[in-house]
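For the protein sequence lines, the chains are A and B, in the order given. With our numbering, letter number 47 in the first sequence gets 47, and the count goes up by one each step, no holes. Counting the second sequence from 1 gives a position; our numbering is that position plus 1000.
Because the hints were derived from the structure by calculation, they are not lab data. Only a predicted model underlies this, so the values are computations on that prediction, with no experimental measurement involved. It is possible that some hints are incorrect.
[Claimed, not checked] Short, incomplete list of chain B residues facing chain A, as computed with Cβ under 10 Å: (1) Ala1017; (2) Arg1185; (3) Ile1196.
[To be verified] Stretch-level coverage of chain A by chain B, calculated; a stretch enters the list once three of its residues show a Cβ under 8 Å from a Cβ in chain B: (4) 108-122; (5) 221-227.
[Said to hold, decoys possible] Taking CB as the label site, the calculated pair distances span: (6) Ser127(A) to Arg1116(B): 28 to 38 Å; (7) Ser95(A) to Arg1116(B): 58 to 68 Å; (8) Thr1267(B) to Val58(A): 48 to 58 Å; (9) Val58(A) to Ala1016(B): 35 to 45 Å; (10) Pro157(A) to Gln1025(B): 52 to 62 Å; (11) Ile1265(B) to Glu193(A): 19 to 29 Å; (12) Pro123(A) to Trp1013(B): 53 to 63 Å; (13) Gly1117(B) to Leu200(A): 37 to 47 Å; (14) Arg1114(B) to Ser114(A): 19 to 29 Å; (15) Glu193(A) to Trp1013(B): 40 to 50 Å; (16) Ala75(A) to Phe1036(B): 36 to 46 Å; (17) Leu110(A) to Lys1008(B): 23 to 33 Å; (18) Ala1150(B) to Ser95(A): 48 to 58 Å.
Think of the CB as a built atom: it goes at the ideal place given N, C-alpha and C, for glycine as much as any other residue.
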Amino acid sequence: MQANKPLLKVDKVGIRFGGLKAVSDVNLELNQGELVGLIGPNGAGKTTFFNLLTGVYVPTEGSISLDGEKLNGQAPYKITKKGISRTFQNIRLFSELSVLDNVKVAYHSLAKHSILSSIFRLPSHFSGEKEMEEKAIEFLKIFKLDEVMHEKAKNLPYGQQRRLEISRALAANPKLLLLDEPAAGMNPQETEELMNLIALIRERFSLTILLIEHDMPLVMGVCERIYVLDHGQLIASGTPDEIRNNPKVIEAYLGEEVS
Amino acid sequence: MKTLKQTKTFWIWIAAAVVFAVVTQFLINGGTLNSFYVNTLFFIGINIILAASLHLIIGITGQFSIGHAGFLAVGAYASAIVTTKLSLPFPVALLAGGVVAAIAGLVIGIPTLRLRGDYLAIATLGFGEIMRIVFLNMDYVGGASGMTVAHLITWPWLFACVLITIVVIVNFTNSTHGRACISVRENEIAADAMGINTTYYKVMAFAIGAFFAGIAGALHAHNFYIIQPTNFGFLKSFDILIFVVLGGLGSMSGAVIAAILLTIISTFLADFPEVRMVVYSLVLIAMMLFRPQGLLGTREITSFFKVGKSAKGGSQDASKQTVA
Chain A
1 MQANKPLLKV DKVGIRFGGL KAVSDVNLEL NQGELVGLIG PNGAGKTTFF
51 NLLTGVYVPT EGSISLDGEK LNGQAPYKIT KKGISRTFQN IRLFSELSVL
101 DNVKVAYHSL AKHSILSSIF RLPSHFSGEK EMEEKAIEFL KIFKLDEVMH
151 EKAKNLPYGQ QRRLEISRAL AANPKLLLLD EPAAGMNPQE TEELMNLIAL
201 IRERFSLTIL LIEHDMPLVM GVCERIYVLD HGQLIASGTP DEIRNNPKVI
251 EAYLGEEVS
Chain B
1001 MKTLKQTKTF WIWIAAAVVF AVVTQFLING GTLNSFYVNT LFFIGINIIL
1051 AASLHLIIGI TGQFSIGHAG FLAVGAYASA IVTTKLSLPF PVALLAGGVV
1101 AAIAGLVIGI PTLRLRGDYL AIATLGFGEI MRIVFLNMDY VGGASGMTVA
1151 HLITWPWLFA CVLITIVVIV NFTNSTHGRA CISVRENEIA ADAMGINTTY
1201 YKVMAFAIGA FFAGIAGALH AHNFYIIQPT NFGFLKSFDI LIFVVLGGLG
1251 SMSGAVIAAI LLTIISTFLA DFPEVRMVVY SLVLIAMMLF RPQGLLGTRE
1301 ITSFFKVGKS AKGGSQDASK QTVA
């Protein structure tokens, strides 16, 4: 890949729900290997923006492209296969499935054996399933979830559920990982573990990460660049220091100064 | 190693089933089982197929479809046409019943599976009723008076169909494709975000379920001498739905056991037609009060035999429960 070409290019993207402009005119570029934060007050349109990137919503204007390939209008599962994977603000695990099976589901798109070979239990079924299981176990070891791999996902404590969701998203083999408030509901210690985990992920998988977060120490601590969204519009972007001192950002968060 | 063990257990189950079939055949030949019992046995077999096929759609894929009798009707009429009008042999009719029902499943599934929850339930209920009314008004298949069909099924045929249905659905469920279906049931948005083509798997589960319902229809038609549109009303759909819910949503063996028990109960209650539905309803109400998760919950019967093994065996077992 050429160094000057961004991995993700979002060009004037917006979506309307009836008369409401939830997101409008957002321009954003992510380069290979960057860790970028997306912040903004509640209701600013951050999660809506993630939903636009992953195909849950189809943008009514603008274009999104990954590696030069246009993504808007494609089904979510196709976008995942192209290399964007995500976690959810409110955890969405397959709660009745075991931890191991949760990760195996993410490997599904790599499965080589067909429905018929599974029904007739052909050799390709066994080799395919075995490969998936080995990969998934190896993966869970990285995230220290291998000890609980036969537990149902719903029985895990909160912090581990978050970790499982991130590992499941990574198992889908993305180029770009979208994390939607991964630290929500975590105590300071868990948040710190999460920061270490994110650092580990970047090192191991050479990923590009876009992170939505309300925990400012976390965002300021790990992100190289930050975008700020308010009322569906991008109001600022830059390094953590620039963002901290940007009057528009302060206004969005704290309100206008009384004159 | 694990694969080998699984294959071994699989063949032990098959062998046990075949032994059961052979013994039953001897009992039938020897006259120990009179025709009343044989009829009940056939009826149980057909209901097991229906329960297993709906289990795949509702229990595994989580698509609340309540028009299963529609597929039963399509299979029954398609196979009856093949044997009585076209005079082709029974195996062809059996296959035709399944294939035509599967095609009906695809045609109905592709548009309706975009709907969720209540809306899908209403659409599938509508499909079931439409099929009934179509057959009611088709003179080619006898309209309201129905079609007379030769009694062609024998115990080996019936048993083979039941066994194949169960093996196919269990094998499908215990694979990456089955896991994809379960992920749709558990959380469709997350499944989509994990790269699962949710529409494809919903339609696929629907078509496979419809196929086996069609097989059950073919068996039904060639067992009861006559088929009429009234056999396939929405009450029939609810009967099948009850097997699946009562057995425990997501449990194949639960659905099968519920099909067996309820068929036996309703057969013996046939002597008291005025209280039959009352008792039936009471059983269901009691069940929902005392065991709302169904007979087996989401567990499988095989998991009960392995209790008390080593911790490792136990946990392997847990992984199995969740899948099947």
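Verification of the supplied hints:
For Ala1017(B), the interface hint is violated, since its Cβ never comes within 10 Å of a Cβ in chain A; the closest pair sits about 16 Å apart. Given hint, Arg1185(B) at the interface with chain A, holds; its Cβ is 8 Å from that chain's nearest Cβ, closer than 10 Å. The criterion of a C-beta within 10 Å of any C-beta in chain A is met by Ile1196(B), whose closest approach is roughly 6 Å, and the hint holds. Coverage of the stretch 108-122 of chain A by chain B holds in this model, with 9 residues showing a Cβ closer than 8 Å to a Cβ of that chain against a need of three.
Chain B is given as covering the stretch 221-227 of chain A, and this is violated because 0 residues of the stretch bring a CB closer than 8 Å to a CB of that chain, at least three being needed. Ser127(A) and Arg1116(B) have their C-beta atoms about 36 Å apart, which keeps the hinted 28 to 38 Å range intact. The supplied range of 58 to 68 Å is broken by Ser95(A) and Arg1116(B), whose beta-carbon atoms lie about 18 Å from each other. Between Thr1267(B) and Val58(A) the beta carbons are some 54 Å apart, a value that agrees with the proposed interval 48 to 58 Å.
As the Cβ distance of Val58(A) to Ala1016(B) is approximately 53 Å, the hint placing it in 35 to 45 Å is violated. For Pro157(A) paired with Gln1025(B), a C-beta distance near 55 Å keeps the hint of 52 to 62 Å intact. Distance hint check for Ile1265(B) and Glu193(A): the Cβ-Cβ separation is about 55 Å, which falls outside the suggested range of 19 to 29 Å. Taking 53 to 63 Å as the suggested C-beta distance range, the pair Pro123(A) and Trp1013(B) does not conform, at roughly 21 Å.
Between Gly1117(B) and Leu200(A) the CB atoms are about 40 Å apart, so this pair conforms to the stated range of 37 to 47 Å. For Arg1114(B) and Ser114(A), the hinted distance range of 19 to 29 Å is satisfied, since their beta carbons lie about 25 Å from each other. A C-beta distance of roughly 45 Å is found between Glu193(A) and Trp1013(B), which places it inside the suggested range of 40 to 50 Å. Look at Ala75(A) against Phe1036(B): about 54 Å separates their beta carbons, and that is not inside 36 to 46 Å.
Checked against the hint of 23 to 33 Å, the C-beta distance between Leu110(A) and Lys1008(B) comes to roughly 28 Å, which is consistent with it. A C-beta distance of roughly 50 Å is found between Ala1150(B) and Ser95(A), which places it inside the suggested range of 48 to 58 Å.
Of the numbered hints listed earlier, those contradicted by the structure are 1, 5, 7, 9, 11, 12, 16.
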